[in-house]
Amino acid sequence: MEIPLWIILVPLAIVVALTALFLFFNVFHLARYGVAHRGTVPLILVYLVSYAFVLVVGVGALGSVLWTRTIPLGDLLPFSSSRGSPSFGL
Amino acid sequence: MMDLKTLPNCLPNEKVVLFLRRHWIDLLRIFFLSGFLFILPIIVGVLVELGNPELIVHAFWGPALTVALFAYLLIVLVLTFTELTDYWLDVWIVTTERIINTEQHGLFNRVISEVYLSQIQDVTSETKGYLATFLTFGNVFVQTAAERERFQFKNIDNPDDVKIAITGLAKTCKTSHGHEAHQETPKKIAP
Chain A
1 MEIPLWIILV
11 PLAIVVALTA
21 LFLFFNVFHL
31 ARYGVAHRGT
41 VPLILVYLVS
51 YAFVLVVGVG
61 ALGSVLWTRT
71 IPLGDLLPFS
81 SSRGSPSFGL
Chain B
1 MMDLKTLPNC
11 LPNEKVVLFL
21 RRHWIDLLRI
31 FFLSGFLFIL
41 PIIVGVLVEL
51 GNPELIVHAF
61 WGPALTVALF
71 AYLLIVLVLT
81 FTELTDYWLD
91 VWIVTTERII
101 NTEQHGLFNR
111 VISEVYLSQI
121 QDVTSETKGY
131 LATFLTFGNV
141 FVQTAAERER
151 FQFKNIDNPD
161 DVKIAITGLA
171 KTCKTSHGHE
181 AHQETPKKIA
191 P
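These protein sequence lines are chains A and B, in that order.
Numbered by the numbering used here, the letters in the first sequence go through residues 1 to 90 in order.
Numbered by the numbering used here, the letters in the second sequence go through residues 1 to 191 in order.
Calculated from the structure, these hints are not laboratory results.
Any given hint could turn out to be false.
[Claimed, not checked] With beta-carbon atoms standing in for the labels, derived distance ranges:
1. A/Leu18 / B/Ala165: 40 to 48 Å
2. A/Ile7 / B/Pro41: 18 to 26 Å
3. A/Gly60 / B/Lys15: 46 to 54 Å
4. A/Ile7 / B/Val17: 53 to 61 Å
5. A/Glu2 / B/Lys154: 53 to 61 Å
6. B/Gln143 / A/Phe24: 38 to 46 Å
7. A/Val49 / B/Leu27: 14 to 22 Å
8. A/Pro11 / B/Gly168: 56 to 64 Å
9. A/Ser50 / B/Lys171: 44 to 52 Å
10. B/Gly129 / A/Glu2: 53 to 61 Å
[What the hints assert, rightly or not] To give a feel for the contact side, a few chain B residues facing chain A, derived at Cβ under 7 Å:
11. Met1
12. Met2
13. Ala59
14. Phe60
15. Ala64
16. Phe70
17. Leu74
18. Phe81
19. Thr85
20. Leu107
Beta carbons are placed, not taken as given, at the ideal position from N, Cα and C, and that holds for glycine.
Kindly generate the complete structure, drawing on both the sequences and the hints.
See below:
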């Protein structure tokens, strides 16, 4: 039995959606309830730029992976095929 | 955004005297914790690389670890934002007429309260601990005549100076408004 590699993108998509929602709430709170004082607008910009930076770097790092590939379930354990059971020096 | 020049329910001739936030040590705590959480995957990555180098290049676990790292960084980033927003929205505004206390507890819990300077009965400053004494930060408690919990300025810079300023403003306010205009007079109980 094989599983498609893209399946691990599903929890990532949920995390991205939730963090984007929380980013929106943070920006909304600052814009709505913050005091019009030096620092509030730059702080909102820092939020947006740093989130976008992590998003772009992350997507870039994942871009090189061939997500349409399938992996046999037996290969999920990294040592199952390459190494035998430990001999403990016997 | 709330403008300091046009406060909600602004009284005639009311001016902002003090605009206070929590001490920068609270900001430093947030940055230290976030910094640690950001470098934690590097430490874990080095340990995994040393313990089992095959895991990083594995057909499934390689991409899975990259996805996990990506998700982790996004979560830590947003938690840092939430803490920063909490810090940024905790403000105390002292005007010539009143004190406005705005406190953010997490993202969905916000408390705004105000007290008129003429209602103030007692102002107490508190500096507790080595770090607070060395960096001169602490709490200021404002007690009114009404039966409500004490008004608290949490972890502000120079609490003693703030206490003196509030006491002086309250005195000036009471003098200019007539003695204790907003205060309830105690009723006499018949014998």
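Evaluated hints:
Taken as a hint, the range 40 to 48 Å holds for the pair A/Leu18 and B/Ala165, whose Cβ atoms sit roughly 44 Å apart. Here the CB-CB span from A/Ile7 to B/Pro41 is close to 22 Å, well matched to the stated 18 to 26 Å. Distance hint check for A/Gly60 and B/Lys15: the Cβ-Cβ separation is about 52 Å, which falls inside the suggested range of 46 to 54 Å. At roughly 60 Å, the beta-carbon separation of A/Ile7 and B/Val17 lies within the given 53 to 61 Å, and the hint holds.
In this structure the hint that A/Glu2 and B/Lys154 lie 53 to 61 Å apart at CB holds, the actual value being about 56 Å. Taking 38 to 46 Å as the suggested C-beta distance range, the pair B/Gln143 and A/Phe24 conforms, at roughly 39 Å. Taken as a hint, the range 14 to 22 Å holds for the pair A/Val49 and B/Leu27, whose Cβ atoms sit roughly 19 Å apart. A hinted range of 56 to 64 Å holds for the C-beta pair A/Pro11 and B/Gly168, which are about 58 Å apart.
Distance hint check: the CB atoms of A/Ser50 and B/Lys171 are about 47 Å apart, consistent with the given range 44 to 52 Å. A beta carbon spacing of about 60 Å between B/Gly129 and A/Glu2 agrees with the range 53 to 61 Å that was offered as a hint. For B/Met1, the interface hint holds, since its Cβ comes within 7 Å of a Cβ in chain A; the closest pair sits about 4 Å apart. With a least beta-carbon distance of about 5 Å to chain A, the hint placing B/Met2 at the interface is held under the 7 Å criterion.
Satisfaction of the interface hint for B/Ala59 is found here, the shortest Cβ-Cβ separation to chain A being roughly 6 Å, below the 7 Å cut-off. Nearest Cβ of chain A to the Cβ of B/Phe60: about 5 Å, under the 7 Å cut. The hint holds. Taken as an interface hint, B/Ala64 checks out: its beta carbon lies about 5 Å from the nearest beta carbon of chain A, inside 7 Å. Against a cut-off of 7 Å between C-beta atoms, the interface hint on B/Phe70 holds, since the closest Cβ of chain A lies about 4 Å away.
Taking 7 Å as the C-beta contact cut-off toward chain A, the hint placing B/Leu74 at the interface holds, the least distance being around 4 Å. Here the hint on B/Phe81 is kept, as its CB sits about 5 Å from the closest CB of chain A, short of 7 Å. Given the 7 Å rule on beta carbons, the hint for B/Thr85 holds: about 5 Å separates it from the nearest Cβ of chain A. For B/Leu107, the interface hint holds, since its Cβ comes within 7 Å of a Cβ in chain A; the closest pair sits about 5 Å apart.
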